[in-house]
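K.L.:
Dock chain B against the given chain A, drawing on the hints supplied.
One-letter residues, chain by chain:
Number of protein chains: 2
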Amino acid sequence: MKVVLIGAGNVATRLSLRMQQVGMEVVQVYSHTASSAELLSGRLNCAWTTELAELTSEADLYLISVKDAVLAEVIGQLKPNRALWVHTAGSMPMDLFEGQMERYGVLYPLQTFSKERAVRMEGIPFFVEAHTPEDVAVLCQVAEALSGNVQLLSSEKRRTLHLAAVFACNFTNHMYALAGKLLAEEGIPADSLLPLIDETAAKIHQLSPAEAQTGPAIRYDKNVINKQLAMLTDPDMKSVYQLLSQSIHKEATQNE
Amino acid sequence: MKVVLIGAGNVATRLSLRMQQVGMEVVQVYSHTASSAELLSGRLNCAWTTELAELTSEADLYLISVKDAVLAEVIGQLKPNRALWVHTAGSMPMDLFEGQMERYGVLYPLQTFSKERAVRMEGIPFFVEAHTPEDVAVLCQVAEALSGNVQLLSSEKRRTLHLAAVFACNFTNHMYALAGKLLAEEGIPADSLLPLIDETAAKIHQLSPAEAQTGPAIRYDKNVINKQLAMLTDPDMKSVYQLLSQSIHKEATQNE
Chain A
3 MKVVLIGAGN VATRLSLRMQ QVGMEVVQVY SHTASSAELL SGRLNCAWTT ELAELTSEAD
63 LYLISVKDAV LAEVIGQLKP NRALWVHTAG SMPMDLFEGQ MERYGVLYPL QTFSKERAVR
123 MEGIPFFVEA HTPEDVAVLC QVAEALSGNV QLLSSEKRRT LHLAAVFACN FTNHMYALAG
183 KLLAEEGIPA DSLLPLIDET AAKIHQLSPA EAQTGPAIRY DKNVINKQLA MLTDPDMKSV
243 YQLLSQSIHK EATQNE
Chain B
3 MKVVLIGAGN VATRLSLRMQ QVGMEVVQVY SHTASSAELL SGRLNCAWTT ELAELTSEAD
63 LYLISVKDAV LAEVIGQLKP NRALWVHTAG SMPMDLFEGQ MERYGVLYPL QTFSKERAVR
123 MEGIPFFVEA HTPEDVAVLC QVAEALSGNV QLLSSEKRRT LHLAAVFACN FTNHMYALAG
183 KLLAEEGIPA DSLLPLIDET AAKIHQLSPA EAQTGPAIRY DKNVINKQLA MLTDPDMKSV
243 YQLLSQSIHK EATQNE
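Residue numbers (my numbering), protein chains in the order written: chain A, 3 to 258; chain B, 3 to 258.
Here chain A stands alone, though its shape is the one from the complex (with noise of 0.2 Å):
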């Protein structure tokens, strides 16, 4: 199978490098930034452009991943063929591409990607959704053949997942940076907190989060709560340590 990839950000070149690794051929990167287009197909050793004119049209899957701001722009500068369009933005609905191609589809991998950190690719869950079921099973097979954990979901509950997923990585991610910075502060190093960040996480594949929820704001404890507050500095961070204390708070008496 030919590929084509649209977009050489953190996705694309965690994707496409997965692609190569289990057998497809990327015959093609193209990227607005010339500077990403050529880093990425030199990793992949591939043909680049920066001119969404010049796609070959000799390929058989075009996998798009670029910004979602960006994302109906490009696909209506796309010169349709018969091949499979694909895009893999969680927010964004699979009917971008009607009117445009006959055949398309969504490919989407429920992981946080960056272009530095290999990542296991087995194992991921990816949702998958095609304007007909010729293309889901073809989409299913790419997807089996990059992960082997393969759901279809619609374009409509994708959205929610992607929303839960910013909740889950890129808030939590933000949360260890507001630590690590009360950290810095104070000359004690970051990594002392990884043993714990690491249980976290582990700690949920084994118990709720409700049940798993310690500290002073499951005890609502007020002392503890206020002394903290008090410590913050940064307006910003008294912010977040308070709305998310009451929030704590607030689940757990309608759990009760």
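Don't take each hint at face value.
Same chains, same names: a pair is fine if it fits in one copy or spans any two.
Stated by the list, open to error - Pairs of lysine-lysine residues, derived as DSS-like cross-links and limited to a Cα-Cα distance of at most 30 Å, are as follows:
| id | residue 1 | residue 2 |
| --- | --- | --- |
| 1 | LYS159 | LYS183 |
| 2 | LYS183 | LYS81 |
| 3 | LYS81 | LYS252 |
| 4 | LYS252 | LYS117 |
| 5 | LYS69 | LYS117 |
Calculated from the structure, these hints are not laboratory results.
Just so it is clear, the structure is predicted and the values come from calculations on it, not from any experiment.
P.N.:
Then chain B, alone, in the frame of chain A:
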């Protein structure tokens, strides 16, 4: 070494079970709540009481793991003796013992503990502090036996460490809870998020949280941010989303 436990909650449970595992002898458990005292003493096969006045004086180490809100009150009721007295509270100073005991200190494990979940104790960072160098040495030995990862830390710095842990663990777990709630509303199994949650934690062993950050807020993708805000019907979750997205964007701008 003979140990008396004052408290039978999450921390007391996991620490005392580990103490027995490494050959320390837990001789008595106190809890305000009879059922908790009885349950833990059953797991440890030792005596229990609900009266502080009935604590045995025949121990070398008294470990106090009670809610921060009642810690000072509990210490005020203790009969002084020549043994070593420690508490395990991240946010509370060591000098709560001053004037009450001759020998005292703090043994603070930086981890999230639940009664129902065994956690690997090797490698958990223990932060210790004691009134005399001799008792620093005793507590270092104890922590060395329990985890092998021991550091000295003042009450002042420990309080910052505990605040950082609230962000890295308690608030992180709450992000998992909110994500799970969103999925439950759509009938999507919460365990779909586990590979993402695991990778989010694993990632910061290699990259800093600033380097690891992905998602709409770091790209400041207003299109996605506004659509996701509109999807959130719970006003509290909307506030959390808004505040954290702004905070991510602000940190990123400062780091540039």
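K.L.:
Taking 30 Å as the upper bound on the Cα-Cα distance, should LYS81 and LYS252 be classified as within, between, both, or neither?
P.N.:
Classified as neither: same-chain Cα gap 52 Å, cross-chain 39 Å, threshold 30 Å.
K.L.:
How do LYS159 and LYS183 come out at 30 Å by Cα distance, when the copy is not named: within, between, both, or neither?
P.N.:
between (35 Å within a copy, 14 Å between copies)
K.L.:
Regarding LYS69 and LYS117, is the shortest C-alpha distance of 30 Å or less found within a copy, between copies, in both, or in neither?
P.N.:
For LYS69 and LYS117, only the intra-copy Cα distance (15 Å) is at most 30 Å; the inter-copy one is 44 Å.
K.L.:
As a check of your reading, is LYS183 near LYS81 (CA-CA no more than 30 Å) within one copy, between copies, both or neither?
P.N.:
Classified as neither; 48 Å inside a copy, 41 Å across copies.
K.L.:
As a check of your reading, is LYS252 near LYS117 (CA-CA no more than 30 Å) within one copy, between copies, both or neither?
P.N.:
Between. Shortest inter-copy distance 23 Å satisfies the 30 Å Cα cut-off; intra-copy 38 Å does not.
Consistency with the previously given hints fails for numbers 2, 3, ordered from lowest to highest.
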